[in-house]
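J.: Chains Z and D supply the protein sequences, listed in that same order.
If you want this note's numbering, it's the 1-based position in the first sequence plus 26.
If you want this note's numbering, it's the 1-based position in the second sequence plus 26.
There may be inaccurate statements among the hints.
Same chains, same names: a pair is fine if it fits in one copy or spans any two.
In silico EDC-like pairs for lysine to aspartate or glutamate, Cα to Cα no more than 20 Å straight-line [said to hold, decoys possible]:
id, residue 1, residue 2
1, 362, 98
2, 362, 61
3, 444, 61
4, 444, 62
5, 444, 65
6, 226, 307
7, 444, 294
8, 181, 138
9, 527, 495
10, 390, 373
Just so you know, these hints were derived from the structure itself, not from any lab.
There are 2 protein chains.
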Amino acid sequence: MLANAQRIAVIDLGSNTARLIVMGAIPGYAYRLEDEIREVVRLRQGLNDRGLSEASVARALSTLRLFKRFCDSSRVDLIIPTATSAVREARNGVQFVEQVERELGLQLRVLDGEREAYYAALGVLNELPLTDGYMLDIGGGSAQVAQIKQRQVQKSSSLLLGALALTERFVPRDPVTPEMVAAIAEEIRRQLDTVPWLAKKQAKPERVLVGLGGTIRNLAQMAAVRQEYPLNTLLGFTLSRDALQVNLRLLQELPLAERQQIPGLNSDRADIILPGAMVLEAVMARLQVEQVTVSMNGLREGLFFEHFWDHLQQPVVANVRRFSVLNMARVYQYQKSHATHVRYLADRLFEQLAPLHGWGRWEKELLDAAAILHDLGTIISYYDHHLHSQTLIINSGLPGFTPRETALIALLTRYHRKNRPNTAGFDLLLAEDDDKRLLQLAAILRLAEFLERGRNANVDDVTADWDEETLRLTLIVDEYPAVELWEAERNASALMALAFKRKVVLESTAAPDVWAVPVRKVDI
Amino acid sequence: MLANAQRIAVIDLGSNTARLIVMGAIPGYAYRLEDEIREVVRLRQGLNDRGLSEASVARALSTLRLFKRFCDSSRVDLIIPTATSAVREARNGVQFVEQVERELGLQLRVLDGEREAYYAALGVLNELPLTDGYMLDIGGGSAQVAQIKQRQVQKSSSLLLGALALTERFVPRDPVTPEMVAAIAEEIRRQLDTVPWLAKKQAKPERVLVGLGGTIRNLAQMAAVRQEYPLNTLLGFTLSRDALQVNLRLLQELPLAERQQIPGLNSDRADIILPGAMVLEAVMARLQVEQVTVSMNGLREGLFFEHFWDHLQQPVVANVRRFSVLNMARVYQYQKSHATHVRYLADRLFEQLAPLHGWGRWEKELLDAAAILHDLGTIISYYDHHLHSQTLIINSGLPGFTPRETALIALLTRYHRKNRPNTAGFDLLLAEDDDKRLLQLAAILRLAEFLERGRNANVDDVTADWDEETLRLTLIVDEYPAVELWEAERNASALMALAFKRKVVLESTAAPDVWAVPVRKVDI
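Can you make the complete structure from the sequences, with help from the hints?
T.: Below, the structure written as C-alpha cells:
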C-alpha cells in the first residue's frame with residue numbers, strides 16, 4: 027500500500043526449500059512483504075560425489091522458471107537470485123548456475139558460508155536490537171553460527187548441520203531409533219568441536235542467542251501453541267531450553283504420522299526437524315544459554331536490506347525500534363502531523379507528571395510508539411479503530427520490541443479512546459505492575475489524543491501542576507480550544523483522575539502576548 | 027484511504043443527540059466514514075409553550091460551535107447542517123436558527139416531518155435492496171413511519187413518538203410503574219390511529235419492515251448479544267418480535283441501575299429506551315410483521331447520499347449489492363484487473379460446472395462478490411490475508427446482503443487460498459446445505475485465483491468437461507502458463523477434486539491460431 031514503491035524480489039534456492047519473496051519498498055523509507063511463494067524442492071536429495079542429481083536439477087529449474095515468470099508477470103523491478111549450500115557443495119554447481127543463466131536469464135549468486143552468515147546477520151540486525159551475541163541459522167543443508175560484536179559479524183562458521191542433510195545421512199527410515207539419535211548427536215558434537223569460539227566456560231545470564239530459519243521457528247511455534255501465546259507472530263519470541271526439551275521428547279517418541287499432527291509443527295517439516303532440534307540444543311548447551319530468541323528474518327531479508335539501506339555505510343538500521351514504528355506507521359498511511367503532535371503532547375504530560383508516576387525512559391519510549399501508531403486501525407474502519415490498531419500490532423509485531431513491549435504498545439493503542447484499560451488476554455507476557463503502567467500511560471495518551479481532537483495542533487503545549495487533591499492542566503493556545511477542552515473533559519479527564527488519583531481541572535491560557543488571562547475553567 | 031476524496035460533514039441536531047459524521051467520498055465512486063462525534067444534547071429537555079429552554083439552546087449552541095470548529099480544523103469541504111423535530115416544533119425555533127447562523131455561520135436546514143422521512147428513506151434505500159415495504163425511524167423527539175413502493179417513499183407520517191419525548195411526558199421518575207406503561211401505550215395507540223395506512227387486515231409473510239435509529243439498533247444489539255451473533259455489525263440484522271418481547275420485559279422489570287448493565291444496551295440510552303421499544307412493538311403489531319430488519323443508515327446518510335449521487339435523477343443507487351461490493355473493494359484499494367480476471371474465470375467455471383453443482387444465480391452472485399473482495403486483507407498484511415479479508419467483511423458488513431450472504435462471502439474469501447472450508451462460528455446464520463455450497467464455490471474461487479497467480483491474465487479462458495471419474499479443465503492461453511499450472515495443481519486441484527468428486531486433470535492449450543496442440547497434461 028506504499029504508493030510508488032519498488033517491487034524487489036529475493037530468490038533463495040536452499041537445500042530443502044526454494045523461496046521467493048517480493049517486498050514493496052521505498053528504499054530507506056518503508057517496506058512490506060507483498061507476496062511469497064515457497065516450494066519444497068529438496069535440492070540436496072540424491073546429492074553425491076558427482077553433484078546434484080538430475081531429478082533435483084530438474085525440480086530446481088522448473089521452480090526457478092516459475093519464479094522468474096512470476097516476477098516478470100507481476101512487474102518486479104529487481105530480482106536478487108541466490109543459492110546456498112547444496113549448489114556450493116555440488117561438484118556440478120557451476121554447470122547448474124550456467125544452465126540457470128542460459129535457460130532463464132537469472133544470474134544466481136552462490137553464497138559461500140561466510141556470506142550466508144553475513145546476510146543472515148543483516149536480517150537479524152535489522153529486526154532485533156542486538157549489539158553483542160550469537161546467531162544460529164539452521165537451514166536444510168548447512169547451519170551457520172556467528173558471533174556478533176558491536177552490531178557486526180565478528181566470526182562465523184558454516185557447518186554441514188542442516189536438518190535435511192543430517193536426516194539424509196543418519197535417518198534412513200522412520201521411526202528414528204536411539205542408535206540413529208546417538209549418531210546424529212555424535213556428528214553434531216564432532217562438527218561443533220571445530221568451532222572453538224562456541225564453547226563457553228561459564229553461563230552468563232546476559233548472553234544472547236538468536237535463532238533463525240524455519241526449523242527454529244517451527245520449534246518455537248510448537249511451544250507457543252502449548253502455552254497459548256497471545257501474539258499472532260513469533261517475532262521476538264523466546265524459546266526456553268526446557269520447552270525445547272519437551273519438543274525433543276515429542277519428536278523422538280512419536281512416529282511420523284503422529285508427529286505430523288503435533289500442533290504448531292508444519293507437516294512438511296515433521297520428517298526432518300528432529301536433527302535440527304538437536305543442533306539447537308547442542309549449541310545452547312555449549313553457549314550455556316537457557317533461551318533462544320526467534321528471528322523472523324534471515325538470509326532473504328538480509329539480501330533485501332542490502333538494497334533497502336544501500337545509502338548507509340553498513341546496511342543496518344541504527345535504531346531498529348524507532349524505525350519499525352515508523353515503518354508500520356508509513357505502511358498504514360498514518361497522518362503524520364496528527365500523530366506527531368499527539369506524541370509531543372503525550373511526552374510533555376509524561377515528563378511533567380514524572381513525580382506522580384515515577385516511570386522512566388523505557389515507558390516514555392512505549393508511549394511514543396503508541397502515540398505514533400494509535401490511529402493505525404482507521405485503515406480498517408473508523409468504527410472501533412482503536413481495536414483495529416491493537417489487532418494490527420498483535421498480528422505484525424514490532425521488530426526491535428520484546429513481546430511484552432509489543433503487548434503494552436498494542437494495549438495503549440487499544441485504550442487511546444475509551445473504556446478502562448485492561449490487560450486480559452496478555453497476562454502471560456506482562457509483569458505485575460504493568461496494569462498500573464498501562465493505566466497511567468493510557469490516560470496520558472488519551473488526554474493527548476483529545477487535546478488534538480481537531481487534528482490541527484491547536485493546543486501548542488500543556489503544563490501540569492498539582493497538590494494532594496487536584497491535578498491542574500493548562501493548555502497553552504493562541505486560539506480558544508473549544509473542541510479540545512470539550513472533548514478532553516468528556517473523554518479523557520475521568521481516566522486521568524483515576525490514573526493520578528486527583529480531581530482533574532482543565533483550563534486554557536493564551537500563549538504569551540496573545541491573550542491576557544485564562545478564558546475558561548472547568549472542574550471535573 | 028481514498029486518494030483525493032472530498033470530506034463531507036453532515037450535522038444532525040436531533041431532540042436527544044447531536045451527531046456529526048464526516049464521510050470521505052469521491053461522489054458516485056466510493057465513500058467511507060472517516061470521523062464521528064456524538065453528543066447527548068437533549069435539546070427537547072424543558073421544551074414548553076415558549077419554546078426551547080435557555081439551557082437547551084446554550085447546550086446546542088456550544089455543541090454546534092464545537093462541530094463547526096472541528097469541521098474547520100479538520101479540513102471538511104462541505105458541511106450539511108440540519109435540525110429536526112425539537113427545532114421545528116419550538117415556538118422560538120426560527121430565532122434559534124437565526125442565532126446559529128449569526129454566531130456560527132451555519133445555515134441549519136430545519137426538516138419537516140416529510141423531508142425527515144424522505145432522507146431517512148434515502149439512507150435505507152442506499153443500504154438495503156428494499157423495493158416495497160415500511161420504514162420506522164424512532165428518534166428522540168419524533169418517529170417517522172413511511173411506506174415505500176417501487177423504491178420511493180409513497181406515504182409518510184411524522185408522529186410525536188420519540189423515545190425522549192414519551193419518556194419526558196409519561197415517566198416522571200424511575201422505576202416505571204404499570205400505570206405509566208399503560209399511559210404510554212394509550213398515547214402510542216392514539217397517535218398510530220391517525221395513520222390509517224399502517225393498519226393491515228392480515229399478516230403477509232413477505233411484508234417488510236425496516237427499523238432505523240439508535241433506539242431500534244440498541245434493541246437489536248441486546249438481542250444480538252444474547253444469541254452470540256457472529257457478525258460484528260448489525261447491518262441487515264433481523265430482530266424478531268419474540269426477542270423484542272424479551273427486551274420489553276427486561277426494560278420494564280429492572281430499575282435504571284440494572285438496566286444500565288444490560289449487555290448490548292448503551293448506558294446513556296437506558297433511561298429512555300422503553301417507550302421506543304413500545305412504539306416498535308405497536309407498529310409491528312399493526313403491520314402484523316414478525317420481524318424488523320435493522321438499518322445502520324438514516325437521516326444523516328440520506329443527506330450525504332443526496333450529495334454523493336447528485337448526478338442521478340433520484341439519489342438512490344440502482345443495485346445496492348453490486349455497489350456495496352465495489353465500494354468496499356475501492357475503499358480497500360483492490361487490484362481491479364486481478365480481481366476482475368479472477369471473477370471472470372470463476373464465473374466461467376461456475377457456469378460450465380452447473381450440471382455438476384446445480385447452483386444458480388444466487389450462488390453466482392456470492393461467488394462474484396467474493397472474487398472481487400478476495401484479496402482485501404492484503405491491506406492488513408500479506409501473511410494470512412485470506413483471514414484478514416474475512417475479518418474486514420465481518421466487521422463492516424456488506425450493505426444489501428443478508429447476514430447469511432455476508433457470512434458466505436466472508437467464508438469464501440477466507441478459503442480462497444488454503445485449508446478445507448469450514449463454517450465453524452457461523453452456523454447460526456447458515457442453512458444446512460451451505461457447507462456444500464461453500465465447499466464447491468470455494469473450490470471454484472481457489473482454482474480461479476491460482477489460474478491468475480501471475481496476476482497478468484495469462485489464462486484467457488478455461489473449459490471444463492468430465493465423465494464419471496475425471497474432471498478435465500483446459501486452460502486457453504497464448505503463452506505457456508507455467509506459473510498457473512504449477513500453482514493450481516499444488517494449491518487448488520485437491521479441493522476441486524473433493525468438491526466435485528472426480529480426479530482433476532489440468533491441461534493447457536493454445537488459443538486458436540496460436541498453438542497447434544496441448545502442451546502439457548498433468549494428472550492429479
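J.: So, for every hint listed, does it hold in this structure?
T.: Comparing the hints with the structure gives:
no.	hint	in the structure
1	362 with 98	between (35 Å within a copy, 19 Å between copies)
2	362 with 61	between (27 Å within a copy, 17 Å between copies)
3	444 with 61	between (36 Å within a copy, 15 Å between copies)
4	444 with 62	between (38 Å within a copy, 14 Å between copies)
5	444 with 65	between (46 Å within a copy, 15 Å between copies)
6	226 with 307	within (15 Å within a copy, 78 Å between copies)
7	444 with 294	between (45 Å within a copy, 15 Å between copies)
8	181 with 138	within (14 Å within a copy, 81 Å between copies)
9	527 with 495	within (8 Å within a copy, 75 Å between copies)
10	390 with 373	within (7 Å within a copy, 54 Å between copies)
This entry satisfies every hint, going by the numbered hints stated previously.
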